[in-house]
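One-letter residues, chain by chain:
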Amino acid sequence: MTDTAVAPLLIPEPVAGYPVTTERLPVRILLIATAVVFLVLFLLLPLAAVFVEALRSGLGTYLAAITEPDALAAVKLTLLVAAIAVPANVVFGLAASWAIAKFEFKGKSVLNTLIDLPFSVSPVISGLIYVVLFGALGYFGPYLQGHHIQIIFALPGIVLATIFVTFPFVARELVPLMQEQGTQDEEAALSLGASGWKTFFKVTLPNIRWALLYGVVLCNARAMGEFGAVSVVSGHIRGKTNTMPLHVEILYNEYNFAAAFAVASLLALLALITLVIKIGLEWRYADQIAASRRH
Amino acid sequence: MDARAVNEVNSAAGGIWPLSWTTWWDRPMHVVVDNVVRTFGVTPALHGVSLEIEPGELVALLGPSGSGKTTLLRILAGLDIPTEGRVMFDGDDALTLTVQQRNVGLVFQNYALFRHMNVLDNIGFGLRVRPRSRRPSRKEIRKRARELLDLVQLSGLEKRFPSQLSGGQRQRVAFARALAIEPRLLLLDEPFGALDAKVRRDLRRWLLELHNKTGHTTVFVTHDQEEALELADRVVVMSEGKIQQIGTPDQVYDTPNSPFVFSFIGESSVLPVRVDQGKVWLDQHKLDLRAGDVPNGPARLFLRPHDVDVLDNAPGAIVGEVSVLRRHAGLRRVDLEVGAERNRIEIELPADLSLNLASPVAFLPRRYRLYPASQAVET
Amino acid sequence: MAEGRGLVLKRPSSIPGFGLALGFTLTYLSLIVLIPLTGLVLKSATLGLAGFWDTVTESRTVAALRLSFLASLFAATVNAVFGTIIAWALVRYRFPSRRLLDAFVDLPFALPTAVAGIALTALYAPNGWIGGLLAPLGIKVAYTPLGILVALIFIGLPFVVRTVQPVLEEFDRELEEASASLGANRGQTVFRVMLPTLMPAILTGFALALARAVGEYGSVIFIAGNMPFVSEIAPLLIVIKLEQFQYAQATAVGTAMLMISFGLLFFVHLIQAWQRWRFGQ
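Protein chains in written order, with our numbering: chain P, 1035 to 1329; chain L, 2 to 380; chain R, 213 to 493.
Treat each hint with caution, since some may be false.
[Stated by the list, open to error] Using C-beta positions, here's what the derived DEER-type ranges look like: (1) Ala-347(R) <-> Leu-1064(P): 25 to 35 Å; (2) Lys-1274(P) <-> Asp-384(R): 50 to 60 Å; (3) Ile-1271(P) <-> Trp-486(R): 49 to 59 Å; (4) Asp-1104(P) <-> Asp-384(R): 23 to 33 Å.
[To be verified] 20 Å max Cα-Cα, derived SDA-like pairs, lysine to any residue: (5) Lys-1142(P) <-> Leu-221(R); (6) Lys-1140(P) <-> Asp-314(R); (7) Lys-1142(P) <-> Arg-223(R); (8) Lys-222(R) <-> Lys-1232(P); (9) Lys-1110(P) <-> Phe-236(R); (10) Lys-1232(P) <-> Gly-231(R); (11) Lys-1140(P) <-> Ile-227(R); (12) Lys-1232(P) <-> Pro-228(R); (13) Lys-1236(P) <-> Arg-223(R); (14) Lys-222(R) <-> Lys-1236(P); (15) Lys-1142(P) <-> Asp-314(R); (16) Lys-1142(P) <-> Lys-222(R); (17) Lys-1312(P) <-> Asp-314(R); (18) Lys-1142(P) <-> Phe-236(R).
Simulated from the structure, these hints should not be mistaken for lab results. By construction, the Cβ of each residue, glycine as well, lies at the ideal position given by its N, Cα and C atoms.
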């Protein structure tokens, strides 16, 4: 049976009001035009602007900007932070979803709410809370200074803030899926004599691998791109505590636009790659990723 | 229904119908479908279907899925447009009318009730969206909606929401909603398909009563032949986009005109035979059956399993060997192997007949049909 | 394991690893979330109720909170309207570039906020592609509250589109057909039958976009003028107070913001619960 509701743009004018479940052509054109203009204006143009501005002063300037020592240090720091935060969050996500999906206990909804918490907290506050704990005037400030441990304005602080902001991504993809899958496979494996860990690695993990990949990709994109939280804890020390987004800010504030956009373009490329992988996973493995499309 | 009958029914119903409401009763609609073809791309769903529906008739479009019955219904409703052909409502071309203009009442299998409105608002919807000139006052709309609620025997449920109703209740609300716009034609798309067996039976009875009360021309689509035979004034048997037969329930059951209709309606058993010079032959054995005007050559004998007489070795009987015996309520189902080719045929016999495996049984069908072998059974 | 009467905290199960998994989860959450958040609340409590109130009602703070909230409200409303239109066009129509645009709706989720911030500024600055077109008309976007609005529209758009899309995709066509058969024209069907059904999703998307916008920092500070009382958003105020080592005041503003965010989230849950009650599942 033909789908009479989805109207191609250029269908001839309805005959006697058919198809019934769509609007007249002028209305359709107006709505499509509005949608396209809005999306191009608000989404595509900014993206294009990044690349145009990055290359405005020529390829030479561009390459110089991204290979400059401070920029390279920023790239290294960004990669390092992601390399610590993402695996940590993967372990957390697996642990949390194992607990939530395979067992019945009181307080699950509280746990779920806690996991969703970072999404409702401003990035600045996400950094603020660690400054309050570990900063010079923070609760542990004197103790840390006495022992010459640097958390704020150093790598550990940046990692902590990044973890706070990104840990929900993996967990949120795994929990609904594992809840949907239930405990049958694991119980079957256990009844056949497999140990807990073996069951986990050989039965559970394969079942959730695409959702895990999806969560990792989102987590990584956010970890590398986080700005507000890291900005608060970082100290902005060139070459030492600047991630790529922070480096972009510094360059921009110095009116070094070409360089700022050059570094930004790397992040934009990362975003595009993330989008491609994300869409690819959604199209191919839609049923093996979280049942609800949530962000 | 004439005005006198209208008044009788009205007073019998306690006079709940304001007289203005009876205006549509004396003009139920006459529908003509003329050679309607509907193709989707290269796939034809309807191959030139023609049909005439008398005012006030309750007609069933019966057939398996893919037979085109729903397509035909949607064309009548205005939800679909035929590629060729005409549809006439009381002599006017219906195809120039949009769905909104056709004034048909539609009832869907899955109710299609508006979940964000309560029952009363659902029923009154069709009246509320009318252009100002034809729109009754809000009070009047509420009044009519309540009357319809009484008609479908759901009084008191005005404030409920569809999610708070059972399936049978939802469907009755859907009927009330369709009736509210004073339609000239009622179109029902497998209206009881989503309901439990018991609710289905109850609603079938209810629909018959409703139809007798209101007298609308009604067309309903179903794949359930029991339902069609029970409810319809006439049954339109369809298959693969074509009409196989139109007739009263008795006609399509007793005198089916094709193997498809015979096997679709009621139970059937088939036996390959040969027709030669007006006589029916099974292998070398002449059967005491009339060949009618079936041409010479291979043919198929269709009979109803329960419609047989057991004969003791009468010369013109069909003889077979029992291969399977099954008890079926108060009767016995017997699979026989018949003839040189040991064709299997199933018949129903009284349980008190003593039978064993491999014992011979001779029988003749009381009523039967013969079709040339070339007339295929489409499913 | 508790049996029969008494508090049953966990149902017995044959699957191992509960203790390990839950223990790790709770430890992680405590270290990363609970303890730091407690620190935040405690720190703002050191001001005492009076001090807290004073900080929060300081005129600069009020201006910042009001700007953040109002701009977010406006942006979320724009997103609700246009996001619904976009979802409608993406789901109900076929047109060239539809799939590409559908994929790009998620860009604000993937793009780092700082990148978005400088890109939007470049676009809307007086010499930018769009700013340049608007300048002769006397409309200034960059470095004004209008710029803040643009940035907040950018980051909130996917929320509405992605919450409305699934509902629209699953919308029962028979409802539209029933409505038409009852005599409703297309406009009546859309506004009386379809939109009410979509409204919970639209509201949810609106609330999510609003919650995100209130706390947004990176994409806003470049395009905003950051002038106190005029174009200074609340998160920026927190950063400034931190740089001045006014931890307690910073946490006070932060706590106020948290209360707004949680209030919004609660509102979302209320809508969803009401929808479940009213319409059934």
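Comparing the hints with the structure gives:
As the Cβ distance of Ala-347(R) to Leu-1064(P) is approximately 28 Å, the hint placing it in 25 to 35 Å holds. Look at Lys-1274(P) against Asp-384(R): about 59 Å separates their beta carbons, and that is inside 50 to 60 Å. For the pair Ile-1271(P) and Trp-486(R), the beta carbons lie near 50 Å from each other, so the given range of 49 to 59 Å is met. Take Asp-1104(P) and Asp-384(R): their Cβ atoms lie about 58 Å apart, and the range 23 to 33 Å is violated.
For a cut-off of 20 Å, the pair hint linking Lys-1142(P) to Leu-221(R) stands: about 11 Å separates their Cα positions. Of the pairs offered as hints, the one joining Lys-1140(P) and Asp-314(R) is violated, with about 40 Å between alpha carbons and a cut-off of 20 Å exceeded. A threshold of 20 Å between alpha carbons decides the hint, and for Lys-1142(P) with Arg-223(R) the separation of about 13 Å falls inside it, so the pair holds. Among the hinted pairs, Lys-222(R) with Lys-1232(P) is inconsistent with the structure: their alpha-carbon atoms are about 24 Å apart, more than 20 Å.
Pair hint Lys-1110(P) plus Phe-236(R) does not hold up; C-alpha atoms about 29 Å apart against a cutoff of 20 Å. A hinted pair counts as satisfied when its Cα atoms are at most 20 Å apart, and Lys-1232(P) with Gly-231(R) qualifies at roughly 17 Å. Distance restraint check for Lys-1140(P) and Ile-227(R): the Cα-Cα separation of roughly 17 Å lies within the 20 Å cut-off, and the hinted pair is therefore satisfied. A C-alpha spacing of about 11 Å is found between Lys-1232(P) and Pro-228(R), which places the hinted pair at or below 20 Å, so the restraint holds.
Taken as a hint, the Lys-1236(P) and Arg-223(R) pair is broken in the structure, with Cα atoms around 25 Å apart against an allowance of 20 Å. Of the supplied pair hints, the one linking Lys-222(R) and Lys-1236(P) is violated, its CA atoms being roughly 26 Å apart against a limit of 20 Å. For the hint linking Lys-1142(P) to Asp-314(R), the alpha-carbon distance of about 34 Å lies beyond 20 Å, and the restraint is violated. For the hint linking Lys-1142(P) to Lys-222(R), the alpha-carbon distance of about 11 Å falls within 20 Å, and the restraint holds.
With a CA separation close to 12 Å, the supplied pair Lys-1312(P) and Asp-314(R) stays within the 20 Å bound. Restraint check: the Cα-Cα separation between Lys-1142(P) and Phe-236(R) comes to about 15 Å, which is no more than 20 Å; the hinted pair holds.
In this structure, the earlier hints numbered 4, 6, 8, 9, 13, 14, 15 are contradicted, and the remaining ones agree with it.
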